[in-house]
Amino acid sequence: MGDEGNQQGGAQDNRRLHSYPLIRHSDMNEEMRTEAMELCVTACEKFASNNEAAAKLIKESMDKKFGASWHAVVGEGFGFEIKHEVRNLLYMFFGGTIAIVVWKCS
Amino acid sequence: MAPSKAMKKSRKTRTEDESQSQGHEESGYAGMEDWMQPKQLLKPDDQLELTEGELKEEVTRILTANNPHAPDNIIRFSFKENQFKQVAHVDQLAVHFTLDGNLLHKDSEDAKHQMARQALSELGSDFMSGLNATRAQQANDAEADEQGGTFMRSGMTTAMSNRDPDKDEQETQQITIKNKKDVKPANQFNYSERASQTYNNPLRERYVQTEPPPRHNFSANANQWEIYDAYMEDLAKNEKAKAAAAGKTPHHGKGKDDGKHKLAVMADKDGDELKGSMGQPLHILERMVNQNTFDEISEDFKYYEDPADEYKDNGNGTLLPLWTFSNERTKRLAVTALKFNPLYSDLFTVGYGSYDFLKQGEGLMLCYSLKNPSYPEFVFETESGVMCVDVHPTYPYLICVGLYSGHVAVYNMLQNQAPPIMSSAEAKHADPVWQINWQKDDIDTNLVFFSISSDGYVLSWTLVKNELKQNVKMILQDPQATQSVDQPALESGTAMAFHGDLDYLYLVGTEDGKVRTCSKAFSSQYLDTVQAHYMGVYKAVWNPFHSKIFMTCSADWSVKIWDYTYHKKEPMFVFDLNSAVGDVAWAPYSSTVFAAVTADGNVYVFDLSVNKYEEVCRQMVAKKKKTRLTHIQFNPKHPVLIIGDDRGYVQSVKLSPNLRKMPKERKLMTTDAAKAPKDDKKTKEFEKMEKLLSLVREPEKLKDSSST
Chain H
0 MGDEGNQQGG
10 AQDNRRLHSY
20 PLIRHSDMNE
30 EMRTEAMELC
40 VTACEKFASN
50 NEAAAKLIKE
60 SMDKKFGASW
70 HAVVGEGFGF
80 EIKHEVRNLL
90 YMFFGGTIAI
100 VVWKCS
Chain D
0 MAPSKAMKKS
10 RKTRTEDESQ
20 SQGHEESGYA
30 GMEDWMQPKQ
40 LLKPDDQLEL
50 TEGELKEEVT
60 RILTANNPHA
70 PDNIIRFSFK
80 ENQFKQVAHV
90 DQLAVHFTLD
100 GNLLHKDSED
110 AKHQMARQAL
120 SELGSDFMSG
130 LNATRAQQAN
140 DAEADEQGGT
150 FMRSGMTTAM
160 SNRDPDKDEQ
170 ETQQITIKNK
180 KDVKPANQFN
190 YSERASQTYN
200 NPLRERYVQT
210 EPPPRHNFSA
220 NANQWEIYDA
230 YMEDLAKNEK
240 AKAAAAGKTP
250 HHGKGKDDGK
260 HKLAVMADKD
270 GDELKGSMGQ
280 PLHILERMVN
290 QNTFDEISED
300 FKYYEDPADE
310 YKDNGNGTLL
320 PLWTFSNERT
330 KRLAVTALKF
340 NPLYSDLFTV
350 GYGSYDFLKQ
360 GEGLMLCYSL
370 KNPSYPEFVF
380 ETESGVMCVD
390 VHPTYPYLIC
400 VGLYSGHVAV
410 YNMLQNQAPP
420 IMSSAEAKHA
430 DPVWQINWQK
440 DDIDTNLVFF
450 SISSDGYVLS
460 WTLVKNELKQ
470 NVKMILQDPQ
480 ATQSVDQPAL
490 ESGTAMAFHG
500 DLDYLYLVGT
510 EDGKVRTCSK
520 AFSSQYLDTV
530 QAHYMGVYKA
540 VWNPFHSKIF
550 MTCSADWSVK
560 IWDYTYHKKE
570 PMFVFDLNSA
580 VGDVAWAPYS
590 STVFAAVTAD
600 GNVYVFDLSV
610 NKYEEVCRQM
620 VAKKKKTRLT
630 HIQFNPKHPV
640 LIIGDDRGYV
650 QSVKLSPNLR
660 KMPKERKLMT
670 TDAAKAPKDD
680 KKTKEFEKME
690 KLLSLVREPE
700 KLKDSSST
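Line by line, the protein sequences give chains H and D. Heads up: the first sequence is residues 0 to 105, going by numbering that gives the first Met the number 0. Heads up: the second sequence is residues 0 to 707, going by numbering that gives the first Met the number 0.
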């Protein structure tokens, strides 16, 4: 019982610890990467309960900033296989549970 | 009646034409008179005297525009109708005043004549003064032209109220000036438009399609455990970095990321981590991949025996090419040394350098394994071209190298890519080191090796603590050369061979073809000398089974086999190979088999027990034409030869069965235990060689030294 409580507490601690954004894979250049990452963090924090709205915000902002035809996926459990333009992919984790993939392909 | 009533006359009633002038004056005057003061009426003499009644009579007069002087009707005779006819309309025009003017319309004939006449006389002086006037007048003129089409009607001169005599003059002046200039003034009403269209270039359509931006595929799984794992690993890495930074140990590789993002960290693995933990499995994997790639060759190496050898009647054999060892960095270098490792039969060391005097650069020493033909196991760089290598028989990780610059160095194979553990600094040969050999440890158990060089010295090097101590072992002096100067003429030593059993005995080959037998005990005298060749001796090597036999090869196209105890200074066997012989080597499995390589790219294999005069195999091994083969070595365990050439390639070949004939098992005739040889193979080989030699040897003092 105590262990479970500890475990749960531990899991929550982990989530708190893992709440920072962690880039898993990216081939963007420095500035684009930071900007995209900031944008994703903002979007996810703003629409913490609504993945679709967060993805919509990310996609539209990226379109405005970096040009047409961005795609964004926000979720907690999915697999993907995508074709992306070279140097325009960002795959990151955030908040311990959310995974975000953002890529450009026209 | 009239005079007394004159005061009250109104203007309308007065109509008398005849007495108009006077009457007018009077009436007007009289009107004024009404206001001012009455005046005495004047009466003309011929005034009608009318009665009052007549005076009051109103006489109606109608004003008409008729000319009173014009007749009421005019009758004319019309010859057409032959009768008198009344002209329909009587002209009522009465001209009151006529004044002939002197204006001419400028377009009329007279005007043109006048202008022509005046242009001649009034050129020049009036031109400039009239110009400004012209400009000022242009507007006026334009107006005038517009208003009156012609101004010939002298009767209309009153309408032209602006016309003065001065202006008339100016106008004529203008006309003349205009004629002179012949310029039509532009105004907004009488300009003419001119337009033209240039030729338009024809249009052409062009289409270009740019290349789409490059794309990559990417796939991953994003689920909870992945996320969790990534975060845990990242935390671990961060902690490690912190610990390392706190511990003040230099931590390379990951430190560069810390400075940039505090929050986001790249989760990619660092290359260094890979090497540490994954080294061994990767090694094995590399071997596996190579085995798969060179699968056929591996099979051949292990199992292939040329079946054709059975049917060859002259006992010839062939060489089956196996792997080729080459490396990017060795493409420009030549193979200068080959040596198999005494402990591991698949490991061999290759030295790379350059034989060309002019093209000297850096050298390389690579250790290859037969199991991995793609990449060397160990790589060592040297500042100068490697000329010779030797691997220590007891410590197979110690390699000594002799360099073109005259230096020698000792490398530790275990420390891959490291600099030599020891190298000669200032103490060195003056010329390239051609041969280097490890010796048995000296009394103090220090490692010793010998080197020979073109500068005429044989030096022994001892590894004492951290340095190499050199000791002159031998000075190659030609005892027969005349010593006119104090400095003795030294011969250049190009080959060296140490006797297997007799420790002190070694051979030295020189550049002018002599082979001298030397002893470690003497440093300036030879035991024996043989004029072996006409040109430099490239290699001297003792027979591994027969201790008295050695072989030499030379640039004079020949390979010679000697017995150093033979009383005559003649070789036992001589072979002419049609090209400069770079290297010879005895086979480790037979006393009568040896191989040689030549500068024309051929490998010769001889088996004296089969054919004493000709080779048993001759094969072109070089890949490209015009490559010189430089070195050859037998593999101690497997029937494989490795051959080095001057393009940096090492080719391995397998010997066909005919080339590796070994004497059959002989049934022991005697049961004498003492006679039973210990080293069965060696004695067999020895006897085989002896047998051969006996055929060649000339009997000495009629004593037959043959034995069967």
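Everything labelled a hint here was simulated from the structure, so no lab data went into it. Each hint should be verified, as a subset may be incorrect.
Incomplete in silico selection of chain H near chain D, CB under 10 Å [to be verified]: (1) Leu21; (2) Cys43; (3) Phe46; (4) Ala47; (5) Leu56; (6) Ile99; (7) Trp102; (8) Ser105.
Reference excerpt, derived from the structure (chain D facing chain H, CB under 7 Å, subset only) [claimed, not checked]: (9) Gln208; (10) Thr209; (11) Pro212; (12) Ala221; (13) Asn222; (14) Ile226; (15) Thr444.
Derived CB-CB ranges, DEER-like [what the hints assert, rightly or not]: (16) H:Lys82 x D:Glu304: 32 to 42 Å; (17) D:Arg214 x H:Gly76: 20 to 30 Å; (18) D:Ala219 x H:Glu37: 47 to 57 Å; (19) H:Lys82 x D:Met619: 51 to 61 Å; (20) D:Pro212 x H:Gly76: 51 to 61 Å; (21) D:Tyr302 x H:Lys82: 23 to 33 Å; (22) D:Asp355 x H:Glu80: 51 to 61 Å; (23) H:Asn49 x D:Tyr206: 40 to 50 Å.
Computed from a predicted structure; not experimentally measured. Even for Gly, the Cβ is constructed at its ideal location relative to N, Cα and C.
Checklist entry - Hint by hint, which ones does the structure fall short of? => result Of the numbered hints, 2, 3, 4, 5, 9, 10, 15, 16, 18, 20 and 21 do not hold.
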